[in-house]
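**Q** These are the residues of each chain, in order.
2 protein chains.
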Amino acid sequence: MHNLKSITELQEMLQVSLEQTSFLAEPKELYEPISYILRLGGKRLRPALVLMAADMYNYDLKKALPQAVGIELFHNFTLMHDDIMDEAPLRRGMTTVHEKWDANIGILSGDALFVKAYQSIVKTDSKYLPALIDLFNQTALEVCEGQQYDMNFETQDDVSMLLYLKMIKFKTAVLLACALKSGALVADASAKDQQHLYDFGIHIGLAFQLMDDILDVYGAQKDFGKQIAGDILSNKKTCLYITAYEMANSNQLKVLDYYFTAVDFDPQEKIIKVMEVYSELNVKLLCKNMMEEHFAIAQTHLQDLEVSEERKATLQEFTQLLMVRVK
Amino acid sequence: MHNLKSITELQEMLQVSLEQTSFLAEPKELYEPISYILRLGGKRLRPALVLMAADMYNYDLKKALPQAVGIELFHNFTLMHDDIMDEAPLRRGMTTVHEKWDANIGILSGDALFVKAYQSIVKTDSKYLPALIDLFNQTALEVCEGQQYDMNFETQDDVSMLLYLKMIKFKTAVLLACALKSGALVADASAKDQQHLYDFGIHIGLAFQLMDDILDVYGAQKDFGKQIAGDILSNKKTCLYITAYEMANSNQLKVLDYYFTAVDFDPQEKIIKVMEVYSELNVKLLCKNMMEEHFAIAQTHLQDLEVSEERKATLQEFTQLLMVRVK
Numbered sequence: 000m001h002n003l004k005s006i007t008e009l010q011e012m013l014q015v016s017l018e019q020t021s022f023l024a025e026p027k028e029l030y031e032p033i034s035y036i037l038r039l040g041g042k043r044l045r046p047a048l049v050l051m052a053a054d055m056y057n058y059d060l061k062k063a064l065p066q067a068v069g070i071e072l073f074h075n076f077t078l079m080h081d082d083i084m085d086e087a088p089l090r091r092g093m094t095t096v097h098e099k100w101d102a103n104i105g106i107l108s109g110d111a112l113f114v115k116a117y118q119s120i121v122k123t124d125s126k127y128l129p130a131l132i133d134l135f136n137q138t139a140l141e142v143c144e145g146q147q148y149d150m151n152f153e154t155q156d157d158v159s160m161l162l163y164l165k166m167i168k169f170k171t172a173v174l175l176a177c178a179l180k181s182g183a184l185v186a187d188a189s190a191k192d193q194q195h196l197y198d199f200g201i202h203i204g205l206a207f208q209l210m211d212d213i214l215d216v217y218g219a220q221k222d223f224g225k226q227i228a229g230d231i232l233s234n235k236k237t238c239l240y241i242t243a244y245e246m247a248n249s250n251q252l253k254v255l256d257y258y259f260t261a262v263d264f265d266p267q268e269k270i271i272k273v274m275e276v277y278s279e280l281n282v283k284l285l286c287k288n289m290m291e292e293h294f295a296i297a298q299t300h301l302q303d304l305e306v307s308e309e310r311k312a313t314l315q316e317f318t319q320l321l322m323v324r325v326k
Numbered sequence: 000m001h002n003l004k005s006i007t008e009l010q011e012m013l014q015v016s017l018e019q020t021s022f023l024a025e026p027k028e029l030y031e032p033i034s035y036i037l038r039l040g041g042k043r044l045r046p047a048l049v050l051m052a053a054d055m056y057n058y059d060l061k062k063a064l065p066q067a068v069g070i071e072l073f074h075n076f077t078l079m080h081d082d083i084m085d086e087a088p089l090r091r092g093m094t095t096v097h098e099k100w101d102a103n104i105g106i107l108s109g110d111a112l113f114v115k116a117y118q119s120i121v122k123t124d125s126k127y128l129p130a131l132i133d134l135f136n137q138t139a140l141e142v143c144e145g146q147q148y149d150m151n152f153e154t155q156d157d158v159s160m161l162l163y164l165k166m167i168k169f170k171t172a173v174l175l176a177c178a179l180k181s182g183a184l185v186a187d188a189s190a191k192d193q194q195h196l197y198d199f200g201i202h203i204g205l206a207f208q209l210m211d212d213i214l215d216v217y218g219a220q221k222d223f224g225k226q227i228a229g230d231i232l233s234n235k236k237t238c239l240y241i242t243a244y245e246m247a248n249s250n251q252l253k254v255l256d257y258y259f260t261a262v263d264f265d266p267q268e269k270i271i272k273v274m275e276v277y278s279e280l281n282v283k284l285l286c287k288n289m290m291e292e293h294f295a296i297a298q299t300h301l302q303d304l305e306v307s308e309e310r311k312a313t314l315q316e317f318t319q320l321l322m323v324r325v326k
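Protein chains in written order, with numbering that gives the first Met the number 0: chain Y, 0 to 326; chain P, 0 to 326.
By construction, these hints were calculated from the structure, which means they are not laboratory data. Any given hint might turn out to be false.
Since the list can't tell identical chains apart, any single copy or any two copies may satisfy a pair.
[As the list claims (entries may be wrong)] Once the Cα atoms are required to be at most 20 Å apart in a straight line, the calculated SDA-like pairs of lysine to any residue come out as: (1) K27 with F152; (2) K253 with D85; (3) K126 with D59; (4) K99 with T154; (5) K62 with S189.
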């Protein structure tokens, strides 16, 4: 039994592995964008989850690296295609692939990166292959579904909380869950523990996304690094908006409808008016409760794992890292 | 030992299987385009190759169906994304997905269809899974590379014959080869036979593409169903053009350069002038020889298979079906 690696150590290990892998091949128009997006960095938390789960069961982390790298490649593939669909000019402060090259390059390099993800993920003992690939296929399909729901929401004004939770589950949470389960799977964890880790990933992912929505409006700007209430200004359907919309009286509904469709508006006034409605309906607390509920469910799944408390330490550290306190 | 199924019977079997599979799920924006492109039809020759190879080794065709369907799903995924990149308005006489919906839907539905292809392909005995998925991953990556080379050629005027052959190998031939090898693989054919079938697929694919290039200019319109010399009019780098370009003297080079860059031209005159150069350089015969060479190599791989001649009958039938006689 070895000591658990810290998150920083795991991130370091992943960074070295990604830097050592050359994604450059011919034709360069196909492979340069892959190299480029992977060099943009990121915290590598998704692949770190694979390693954290594997480490929990004393598995040789070198052997779990291909699955971890595969999850990171898949994540970057989704970023490449999502950025085209969202017409995003920047990714991690740098020009997006379709802006630096063009949309065709973004589509095709993304496709190739998707295959590279599969190539990495399947590098495992054939005994685990059927379960691993089924899990990954299912997850990949759900991530596509999540992105489609998210795009639908832009023009859909009756988004229910149930559908919103489904969207963030698919768009964000399932990949965290898949990462954890993949690590546990190749480390030969019991089916029960695999499921607990999967469920932990789902609920910590949901809690994280709900927190993200709340902090966009109620977070201190310096902590969060984004424009305050950017979601309100861009008419994004967040848990705050949906909670408000579901409970609003006719006057409050008028305010929401007006500001979420207005083309000409004073940004400061829009934020103040919408936040007034949020405040009248106690939306922040309701969303915070929902977030804490998912956080608590995640914690129970972590508790129920059949490993010693010491071996859960890194995952606990991860939880603290992910969840900024919402006051 | 059962009787071989004819190509028509295999195509019928595939059609029934594809029609019985529902690709409709939520969100419908993601899945309707998948259903739509699969209903556009096509000859289903690629999946038929999976079944032909499996049938050769007396394998239960029902068990090889998922691999066959997976190859067809993959093929349709590439069509969906290629049509976006090529800005194609029509596919099989019907509106393309990105035209009927939009480019974002085409990208994301394509991605989902790609996952569906993987889901279908991996439905096999776990004993074959590692080899099958490696083959499929490699093929998928090469198909991306082929499409990238093809796009590069549009603005590249020094395309060598070697690079051209690489492009058509990757864009067209490897999927035929992969289909045949997949069928043989799950039917437990020997490694030697698997390789012969793969090589047969490569060379028959190359021969087919070279034939396609020749017929575009020299085929009778009624047999071919396309505009005569459409490739010349659209400045496509085909084996005819590349052969001519590699051998042209300075005068002939001037003619080629002029007509392949001219914006304002009389179509009839362009075809006549370019064909004059082709004729002076004996380009048709040279390309026909190259085609026949690949056809002959394909035949030797078919001969070398360690199965009885009767069991090769359907693949022979396929060869005849594919290769229209070039006079």
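**Q** Does each hint fit the structure? Answer for all of them.
**A** Against the structure, the hints come out as follows:
1. For the homomeric pair K27 and F152, the shortest alpha-carbon distance between copies (13 Å) is at most 20 Å, but the shortest distance inside one copy (37 Å) is not.
2. In this homomeric assembly, K253 and D85 never come within 20 Å of each other (Cα to Cα): the closest approach is 28 Å inside a single copy and 45 Å across copies.
3. In this assembly of identical chains, the alpha carbons of K126 and D59 lie at most 20 Å apart only when taken from the same copy (16 Å versus 25 Å across copies).
4. Taking CA atoms no more than 20 Å apart as the test, K99 paired with T154 passes between copies only; the shortest distance there is 18 Å, against 29 Å inside one copy.
5. Within a single copy, K62 and S189 get their C-alpha atoms as close as 18 Å, which meets the 20 Å cut-off; across copies the closest is 31 Å, which misses it.
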